[in-house]
Amino acid sequence: MNIALSLRSVTLVSTVALATAFAPLGNLKAPSSSSSHSSSLFAVDGEYDFDVAIIGCGVGGHGAALHSRAQGLSTAVFAGGDVGGTCVNRGCVPSKALLAASGRVREMQDAEHLKSLGIEVGDVNYSREGIAAHAKNLANRVKGNLENSLVALGCDVIEGRGMLTTNAQEVKDEATGKVYKCKDIILAPGSIPFVPPGVTVDEKTVYTSDGALELGFVPEWVAIIGSGYIGLEFSDVYTALGSEVTFIEAMDKLMPTFDREIAKQAERLLIRDRPIDYRTGVFASEVTPGIPGEKPVTIKMIDAKTKEHVETIEVDAAMVATGRVPNTANMGLEDRGIETNRGFVNVNEKMQVLAGPDSEEVIPNLYCIGDANGKMMLAHAASAHGISAIENICDRPHEVDHNAIPAACFTHPEISMVGPTEEQAIELAEKEGWTLGKSQGSFRANSKALAEGEGNGMAKVLFKKETGHVVAVHIIGLHAADLIQECANAVAAGTTVQELSMMVHTHPTLSEVMDEAFKGAVGMSSH
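FYI, in mature numbering (1 follows the signal peptide of the UniProt record, and there is no 0) the residues of the sequence shown are -21 to -1, 1 to 506.
Treat the hints with care, since some could be wrong.
[Claimed, not checked] Below are the DSSO-like pairs computed for lysine-lysine, each with C-alpha atoms no more than 27 Å apart in a straight line:
id, residue 1, residue 2
1, 443, 410
2, 232, 410
3, 232, 279
4, 243, 274
5, 183, 279
6, 122, 75
Hints were generated in silico from the structure; no laboratory data involved.
If you're wondering where the values come from, they're calculated on a predicted model, not measured in any experiment.
Full structure from sequences and hints, please.
Spelled out as structure tokens, the structure:
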């Protein structure tokens, strides 16, 4: 089962900050207030319609467009009617709205937790329609902000879907048939949910994350196929709103891509204490939709190894959370002689498109960023890819350090990480000949966490004993998604635990959980 990182959060204004941050101060150009063509630095009169054409307008395409304009390049974005892409319209943004609303419902219904804070409340109710509207309104608002920023910076936003042609440096508007000559082309088509064979999706009772975000109804019993980021987040939403959840996981363990120590903590905090059960080591071989309130959804399961029938269950709804696949079909790759790898476009570290999976041949003037290249299926990674591609277009060689890109799961409590799991780090240390160090910080000893009544959780720092360089950090606990950024910056900058242990962390804040871990790595006490 391909459980990929998806529905990842990104602060959309960060694409603006990144766009300016990547540009050397001496090279940053203010875009012209007139037509984007007039501000071009590189287009030869009459030869190109645009310096840069970007096919796709998700977070990656948007980040590339902003940075392209910051360099003074005339820029066209082929939006395909989907400004904001998955993240804004069907992913990070609306899912965080659902998690925020359902999380408040969970907290307000936890009488014991509130009583410990001296708070008593009566019955707590919620409006399904109101929560769904909150998610939709937020997505529309952020989408509007993206559209406005592109126009304000002088980008040409073309509504049709862009396609490659048999000729190099050409993009065809699928809607109008018009062909544009472009000096450089960036592919940013994003990804779509993966639906396994045998699963019938009607987006009513059997749905992907796209349908789940609409919150058409709150089922009494919902099966979630896949226990990765998407599945965990929606189990958090559903149980907070009163549903019972059954996970169906093909691997032998829940959360198979997570660090095992963190996964065990997550199972205790996010699954055991909630109305959730699970089946592991099984495939949902056949899923048949039902009718809400009339006919149940039928799920047949087979053993993942023997393929023998194991069990059939009937539930009110089923959510398919088995990862995502690249949205690269029918965009003209074959016309350019480009061979994909299961739909993923092969690129080098400069985001330049390669001719095929086993090829080092670079396709001139063609780049691919974000989910479609398969390097890291995260919205903020896509934005970094876009900026990096523009840097390389401008002859400033740049590569993205994927080991330093953080990820987060926005459950209650949150989970976050940067770098390899401990299991992977042990193998890496043995292979490369260094010794792995490990230090932990606890939320139970943190004043701010205790003040919030949220003392569950831990942070784990993995580092090289010989040099002190941080290799990875894994966190589960209150606001873990925010705490990971300091750690990701440390990995990116090559900061050592010795240096981090001497940095002052504000008291009383959750950041002191990390301070405890950093100091522990060098034998210092933080208490």
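Hint check:
A threshold of 27 Å between alpha carbons decides the hint, and for residue 443 with residue 410 the separation of about 13 Å falls inside it, so the pair holds. Proposed proximity of residue 232 and residue 410 is supported: the alpha carbons are some 26 Å apart, at most 27 Å. Distance check on the hinted pair: residue 232 and residue 279 sit about 20 Å apart at the alpha-carbon level, within 27 Å; holds. Proposed proximity of residue 243 and residue 274 is contradicted: the alpha carbons are some 36 Å apart, above 27 Å.
Simply put, residue 183 and residue 279 have alpha-carbon atoms about 19 Å apart, close enough for the 27 Å limit, and the pair holds. A C-alpha spacing of about 15 Å is found between residue 122 and residue 75, which places the hinted pair at or below 27 Å, so the restraint holds.
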